[in-house]
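Protein chains in written order, with my numbering: chain A, 1 to 311; chain B, 1 to 303.
A portion of the hints provided could be inaccurate.
Stated by the list, open to error - With a straight-line cut-off of 30 Å between C-alpha atoms, the simulated DSS-like cross-links for lysine-lysine are:
1) A:K152 / A:K241
2) A:K229 / A:K241
3) A:K152 / A:K229
4) B:K127 / A:K241
5) B:K127 / A:K229
6) A:K229 / A:K156
7) B:K127 / A:K152
8) B:K220 / B:K122
9) A:K156 / A:K241
10) B:K220 / B:K127
11) A:K241 / B:K122
Claimed, not checked - Covered, in the sense of this in silico footprint (three residues per stretch, anywhere, with C-beta under 8 Å from a C-beta of chain B), are these stretches of chain A:
12) 134-143
13) 242-253
14) 277-284
These aren't lab readings, by the way, just hints derived from the structure by calculation.
Being a predicted model, the structure only gives us computed values, none of them experimental.
For each residue, glycine too, the CB sits at the ideal point set by N, CA and C.
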Amino acid sequence: MFTTGAKRWLLLGIALAVGASFMAHSPGFGMNRYYLGVTIDAGIAIILAVSLNLINGHTGQFSLGHAGFMAVGGYTAAKLSLMVSPAGEAAWFFPIALLAGGLLAALAGLLVGIPSLRLRGDYLAIVTLGFGEIIRVVVQNMEAVGAASGLKGIPKYTTLGWTFALAVVTIYFITTLVNSTYGRGFIAVHDDEVAAESMGVPTTRYKVTAFVIGAFFAGIAGGLYAHHKQFLSPTGFDFLKSIDIVVMVILGGMGRTAGVIAAAVILTLLPEFLRAFSDYRMIIYALLIILLMMLRPQGLFTFKLKKGSQA
Amino acid sequence: MDWLLQQSINGLGLGSIYALIALGYTMVYGILRFINFAHSDVLMLGAFSAFYLEPQVSRLFGRESVVGAIMIVILAAGICAVLGMLIEFLAYRPLRNRPRLTVLITAIGVSLFIEFTAQHEKVFSAKTQFFPRLLPEHSFQMGNVFFNSTDLLVPVVTLLLLAAMWFIVQKTRIGTAMRAVSYNQQAASLMGVNVNRIISFTFGLGSALAAIAGILYAMKAPGIEPLMGVQPGLRAFIAAVLGGIGNLPGAVVGGLVLGILETFLGGIPWLSSYRDGIAFAILILILLFKPAGLLGKATVEKV
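For reference, chain B alone in the conformation it holds in the complex (with noise of 0.2 Å):
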């Protein structure tokens, strides 16, 4: 009973942060139809940028305050969503109207771009570094089930950052042009949506997710590096399949049953050590029995 409790803490933890990257790969995929390989490396950015803010941030107010995190926060995801908008549209705009593999390879090239630049020396260099704390860190028992309080911080944020991107996506203007244009770009462009407006919104939007999301997984890890955003970018890349890619619920509810799937089975004994090939396994099972995935809708290619 206690190592199931614990299980789901651990797992409602790592399936938060899953869901909040999977949401910018979603509705990237949702719009331009491609995966944005760069999307993880963004993930690294905003870590990145929050490790290098810290100390000026902590000098105004503090160390470990909560205002100093919030801006810290903040902060970072602004950086990275003009990041995020300038690769779209350095990398990705020349590219519209291309076919998908030449998107989706040049999507690769621009990660792996970010992913060398990142490890030269001179810029963040490849050793891992200690993530600074952010805010003061409690630990709590019930029983033998141990938690500290990012470990309830995590989720907290995750559902406040999806009830405000509900609200964007559903209430206002733009979140209605971002609907219009990944249902029909064509058509909500013969609407007079600014369908380039809208895509620079979209991946702005997705990399202040990725990064924070990318904090929060720098503060549950034991250090920072430029290749930190590889794998958890494939988990949630996985978790957008699984929900049904496109689909924003499904983003979420694909990565909260991955990371508790794989916080499961990565705590079965003989299974642990083959916990990074756990996601793609479920990637494989669900592409071949429901490639629409949990929340999507069966398409009908029409010739």
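With the rest of the complex left out, here is chain A (with noise of 0.2 Å):
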């Protein structure tokens, strides 16, 4: 039922997770609130670069919009929540409101998923910045989301266990996916897209679904970012938070997901450590992006895979 590779991860991600809220939960190795916040930026940070791994990494495609999706989901999970119980009594509805948020998500992958059709390389990656903005601006004009000043008292229902779950779920279906039979197409389509077409690959069916599937999990992802930092503003997800994004599937290697979860792991936790270079820390990011292309292209996280492996 399960290939090896995707299982592992399953195993992997469930001690992780456990672990983990075990962690949170034991008074002796009880975390206190700020380790707990990172741990849990940490987590969506996961399933923000798992995401887009599958359109920038395993299929090829060049996003640069991926907190536009965010944004989206963020925003309608939040907007639902507060509809429900503006003083955060309904934690029941934390699932079906997360839920909400990916689908419309997924909805505006498949916006974007469209035109990609037609795309290629530098134009794809310069579309989707542009629907990323135009995202923003929709947010920034509309008054039922609290317009320009962003959206506050949003309930705090992001938990460790919730984060870590929906880590696991991402990286679960995102790799089995890959290494299904179908999934072969999304990497023929990375590979040689011309050759793909003619081998009867639908490679346009093959990126639209990328890009719902990828936008799927950044907009669950954005819900679990909303109930826990419980206030959204528009410029919160601009062009930097897709280059954010953009660069933890770099440096872990694009299409590899060990890698990109290592990648995203490490530059979540790397700011908190240097808080103390923090007028230097975002010239140093900078640098780190140009040296990284100029001396490891694969990424820093490329290992030696076995052979028809794509995680």
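Take each chain as given, in its own frame, and dock them per the hints.
Dropping the structure here:
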């Protein structure tokens, strides 16, 4: 039923989640609020990076609009939660809100995916960037979600358990998908689109599917983020946020799930360690991108793979 | 009628600046086939060069003098031309013949590097600074239409620069070489064209134009800050795509069309708050219906 790679991931993920939630709840190993917050940030980053990896890594497209999908999911879920219970007493509603956010983000992914069938490389990058900007401009003008001043008072439903459970689901779903018979199509599109097309692989459908699934999980991550930070503002979902996620995927090695997860965790924790150098933090970050592209464009964590495995 | 005239004047000014920036994007794309994200930051550096040159130059030539303004523009363009060539030499040249995505991500990295360095306290700092007036400004009024000398200056300067560009690209030896490299790099190099030198020259030329565009933009804007180039840069890129990327007249047409459309659509009350999204909506429409751009030729991918 499972491929061995996917099974391994599933077990590892479950162990991680159980371990993490155990640590968060047991008094002896109790994490303080700060560590808990950062750990949840890392979990959300994993979902974002793994879902973008499906689009940019496995399928070989180049999306610069992942923050836009995250915004759609986050705002949808937050608004729904606030409508059901402004005081935050409807935790049972959380999964429904997340799912709704994910679905709406998937719809946005479908809208971006459709023009992507005609575009390649940098054109696609600029179009997805444009979609991200359009989403931001629209949100900025929507009074219902607080417009430019942001959406405040979102109930705090996101827990460590939810975050890591969903991270595991994301990792499991995407690795299984890519390693399945159907999933070979994504890799075919990545390797050589023209050859894939002539072999009868419906490249267009694969590209759109990648966008829809990637956007769905980004939307879920957005919902988790909204109910974690309890505040959303349109400026939090700008171009830089998308770049952050792209850098996680590149650092981890495009299409390498293990590396991408590691990169997501490292890049979330790194700024916390660099607080002392906060003035230079972003300059270092930019230099890191340039040096990485010059010295190791295949990513830092690219290990030798077993034949035929994509995860 | 007045409204139309007023918006046309505004749109023409904005469009001219877009056109100047778009030329840099389109030239680099024509030769190296990647989006030079750092181009919009060169524009910012141009404005800041002028900002720091102004006190020195006005000490020599007096405040708001024509000679002084020309000096500032030439010096700023020179500084940015050198910076543009430096960026190409340090960041892009080592990546020649690498996959295009690698270069694209590097370009984003270079752009972020310039922006964050510029925002640092000890460099320009992130706050908006007042841009000094370089030339005396006169205001005019025709009926209900208002404009000032800067509004007239911008299209005139643009026109002069476009003429100079046309001359360089079409009539000089180096321009011929540029066209040859953009047409077929390998063949050009076999014919004895020094491809690296031509690419360097292209970056210098594009960066000089961006610097001048930056100064013109700063003259119309209330102030300058390290991220001032981002929005006009993105718009100019869209203008280049709109006109057909790699096509020089296309960049100019695209810039003017985009500037005018943006001003007119942004002037409609219920659309005005969506102004920032208009350019992107136009981009998506053009890519859907005419991906080669207004003046571009459709290309067929050969296997």
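A quick look at each hint next to the structure:
A threshold of 30 Å between alpha carbons decides the hint, and for K152 (chain A) with K241 (chain A) the separation of about 20 Å falls inside it, so the pair holds. Of the pairs offered as hints, the one joining K229 (chain A) and K241 (chain A) holds, with about 15 Å between alpha carbons and a cut-off of 30 Å not exceeded. This hinted pair checks out: K152 (chain A) and K229 (chain A) have alpha carbons roughly 10 Å apart, not beyond 30 Å. For a cut-off of 30 Å, the pair hint linking K127 (chain B) to K241 (chain A) stands: about 22 Å separates their Cα positions.
Among the hinted pairs, K127 (chain B) with K229 (chain A) is consistent with the structure: their alpha-carbon atoms are about 27 Å apart, no more than 30 Å. A C-alpha spacing of about 8 Å is found between K229 (chain A) and K156 (chain A), which places the hinted pair at or below 30 Å, so the restraint holds. Restraint check for K127 (chain B) and K152 (chain A): satisfied, since their Cα atoms lie roughly 27 Å apart, inside the 30 Å limit. As the CA atoms of K220 (chain B) and K122 (chain B) are separated by approximately 26 Å, the hinted pair is consistent with the 30 Å bound.
In summary, the hint linking K156 (chain A) to K241 (chain A) is supported, as the alpha carbons are separated by about 22 Å, within the 30 Å threshold. Of the supplied pair hints, the one linking K220 (chain B) and K127 (chain B) holds, its CA atoms being roughly 18 Å apart against a limit of 30 Å. Only pairs whose Cα atoms come within 30 Å are accepted, and K241 (chain A) paired with K122 (chain B) is accepted, the gap being roughly 25 Å. Judged by the Cβ-Cβ criterion of 8 Å, the segment 134-143 of chain A is covered by chain B as claimed, because 5 of its residues qualify and three suffice.
Judged by the Cβ-Cβ criterion of 8 Å, the segment 242-253 of chain A is covered by chain B as claimed, because 3 of its residues qualify and three suffice. For the segment 277-284 of chain A, the assignment as covered by chain B holds, since 4 residues bring a beta-carbon within under 8 Å of that chain's beta-carbons and 3 suffice.
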